[in-house]
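S.K.: I would like the entire structure built from these sequences, with the hints used as guidance.
Read off the chains here:
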Amino acid sequence: MTPEQAFLTRVAQRLGRSVPLKEPPAGVPSDPLPSVGPTDPEALAGRFQAELEKLSGHVTRVTTEAAVAPTVVRILKQAGVRGTVVRWQDPTLDGLGLDEALQAAGYEVVPFAPGADGGSLMQAAARAGAGITGCDGAVAETGTVVLGSSCPGVAGAPGRGRVVSLLPPVHVVVLRREQIVYGMADLLRRLGGGPLPSQVIFATGPSRSSDIENDLSIGVHGPGVVHVILL
Amino acid sequence: MKVALFITCLADHFYPAIGEAVVRLLRRHGVSVEFPPGQTCCGQPFWNMGHMDEARECARQFIRTFSQSEWIVTPSGSCAGHVRYFLPQMFPAGSPLCREASAIASRTFEFSQFMVNVLGVTDVGARFKARAVYHNSCHMQRELGVVEEPVAMLRQVRDLELVEAERPDLCCGFGGGFSVKMPEVSTAMADEKLRYLTATGADVLVSCDAGCLMHLGGRMEKLGIAMRPMHLAELLWEGVQHRGC
Amino acid sequence: MAVESRKRPSLQERIQRALDDEQLRGALRYTTEKLYNGRKAAMAELEALAAQGLALGSLEDLRSRARAIKSHTLAHLDAYLQQAAAQIRAHGGTVHWAATAADATRIVAEICERRNVRRVVKSKSMATEEVGLNAALEARGMEVVESDLGEYIIQLAHETPAHIVIPAIHKTRAQIAALFSQVAGEPLPTDTPSLTAFARRVLREKFLTADVGITGANFVVAASGTLVLVTNEGNGRLTTSVPPVQIALVGIEKLIPTLEDLAVMLALLPRSATGQKLTVYVNLITGPRRAGEPDGPEELHVIFLDNGRTNLLGTPYQEALFCIRCGACLNACPVYRTIGGHGYGSTYPGPIGAVISPLLQGMNRWGDLPDACSLCCACREVCPMGIHLPEHLIHLRAEAHRQRRDPAWLRLGLKLLGFAWSRPGVYRLGSRLAYWATRPFVKRREDRSEYIPSLPSVGARWTQSRTFPVPARRTFHERWRELQKEGDRP
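Residue numbers (the working numbering), protein chains in the order written: chain D, 1 to 231; chain H, 1 to 245; chain B, 1 to 490.
Be a bit skeptical, because a hint or two may be false.
Claimed, not checked - Using 30 Å as the maximum straight-line C-alpha spacing, the simulated DSS-like pairs for lysine-lysine come out as follows:
1) H:Lys181 with B:Lys7
2) B:Lys34 with D:Lys54
3) H:Lys222 with H:Lys129
To be verified - Cβ-to-Cβ under 8 Å is the rule here; a few derived chain D residues that face chain B:
4) Ala12
5) Pro25
6) Val163
7) Arg189
8) Gln199
9) Ser207
10) Leu230
These aren't lab readings, by the way, just hints derived from the structure by calculation.
Built from N, CA and C at the ideal position, the CB exists for glycine as well.
M.R.: As structure tokens, this is what we get:
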């Protein structure tokens, strides 16, 4: 008997079966989750912004794609970011003119291109002052953005770089209003419908810890500044 | 209306005056009180200490004693909680004893719960000049779900100033057998509780469980704290007689 | 079971040590109070949202859904384990099976040795604490770095976590600053931002040079083979993004069937644990890095851990495997608040720890933990999974009693009392006996009322800290006849 067989047999026997059950039963353990909350895009955007701001995340609203790049530059300047900026190379950021605007403002831009050397990208992210990403959705109920390591639902989609939104102290996210859903259940239902990327992060505000005398501190391991540009 | 009094072992042995107060207050509101003589203990102390056989023996005696009683009233939130929550669980599901236990459980009430929810009485006409703080017993608030009823009765007492302590839900550390099995932790818990209770400046500590009062009262006496521990029924009965300090 | 195998202080000694430490007790009170209130506020907010149709459900709705999910999963655990394993493999991960703690540490060590690992970085995992992983890896010459801020503090202090969510709950900032200053080789300021910044700097370096990252998992979604990590600091993300290998040690009770079930769990766990609506990061890991991805681990190993969990399956204690390790029962428990995690001494302290420690690791080691409970039931009230913790503790006490582990004075005393109290005649005779037996110890107060300041023998267990009431000269039973007559009067 392999360790796996022995392990599963032990579980089965404790449950009163002599051989392990092969397939889980069809049907769900509890009733389907209700759909709750508003569906109006503006209501969702308002709620998202309010929730994220409660957690000391920042939201800047822009109305045109052309306004994104200058807004990013302004945010980085205000946050005191200098030197290198890393970003996803991804359709969610294509056509926004980010590289041109950032380079014009004096930043070195390192895109996480699929197939590029992982080691040098990691080094760039480690020294970068900011990381710029798109996102795969957002949850209004909690002020959460969804960051897939590749595009969720698309099998074989190219990767984007997990560390772009993780290693730099400042994270700027570009979010489109129509990407916002109300609750986590809506989001998970959508994600469960297609293949999942190797990693999906639900990020809700800046990194925090309360491990020192339950005193809140921001930016422990992840970014301490999170800025969402809501398009 | 006829009520059977379940006195509980603690009140029977140490605080019979609580029972007298309950009987007189019930009578004052037109209730006829009987006292089934075969009663001993509901089995809670044994059950909680893991002595299931002894607990069931006592419970059987309890069921025998009260099987004919229409209403059962007891001056203890903890014992009422045990009867309501645990008595049916003490016997195999579906067994005749379990069914009888369930029936008895639904007819059992803690004193203030009965006064307020069954009789609809919050004002017994008492006057008691004091500053009082009310202590929730754990089983009364969590097994029985009775929190507001005793407070509603205390609010109606003339000249009584009712104050609330910090963390009114926190356990006092009595815990029955726990208080002698782990006396050091039990006492440390009492000390924290007493810090919150004394901070209110109350001169009377009111509760619906003699166990908590015995524990906190005994600790207060050791520490020289002058707050007087009183069962709700005692305070109300003293108040009715206008003997309140 | 490797962790605390050396001769250890008794429960009594551990408790006394905690009670004597005023600083510890202050820290415990302060932090548990804050977490308790945080949870309460979050649940009140949830109720308000649910009433407006803006949440998945009320606490009670979510609790019953969560119970249904876990109950169903455990009842078909063999099938869900196979489904999860098949999915993890389909996504390029490797699955291992650890029946015991020794299996778990051996499997991890073998993976590490095959890759010539020198430095291991960990995110917070109670399962790795349970199996004593750090010591096992260090014994093989590896450097193990805890990256959760609280765990890092505990590791520097050479201690074990005192709380399942807040490991360094008992440490003051002065103590933390002293520990960090030793690492820095210079005195550091004691303010939180400085201390946090220092830890970030030191640990960032460790992350970038680590050969393997070790995590636990809060949930495993069987349908997709997805590991779910619920964190706040971001160290869990670093552990699963930067090192070339990820190993996850996962208790078998962590399985849930689908992603939709995760929505229910995520509505309960952060609120119960820290009072947050959602933690800063929820990390869903489905296999290692894929072709075309620039980062993420090349290898992902998932180790399913039994280590006693199957002891609970098919028993009335199965429900204890519903636990999602939120720590709410610890924060609500007046005993935990008084003695802290090290008072219990087990990896899992507090009410849930007092239930599962004897079941996972045996009554011999932890049979006395269920006694450390006043049965106040605050734990049951806050448990997001509705686990009947007080009932389980009572039944474990019964188990200890059946195994004759309780002290003789108590066993015999209760037996005698039980005999007497199930027989009305003997009960009433006993009342007389109690009266006369205590007379020699009765003293009078100034107001002439009677009390007992001290009792000998086991009675001293009460009177060492409390006076004892005097048994009434006439019990209520004996007073009833007169009361009855009083009632008969018009």
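S.K.: Run every hint past the structure and note whether it holds.
M.R.: Do the hints match the structure? See the list:
no., hint, result
1, H:Lys181 with B:Lys7, "23 Å, holds"
2, B:Lys34 with D:Lys54, "19 Å, holds"
3, H:Lys222 with H:Lys129, "26 Å, holds"
4, Ala12, "4 Å, holds"
5, Pro25, "6 Å, holds"
6, Val163, "5 Å, holds"
7, Arg189, "6 Å, holds"
8, Gln199, "6 Å, holds"
9, Ser207, "4 Å, holds"
10, Leu230, "19 Å, violated"
Going through the hint list in order, the structure does not satisfy hint 10, though it satisfies all others.
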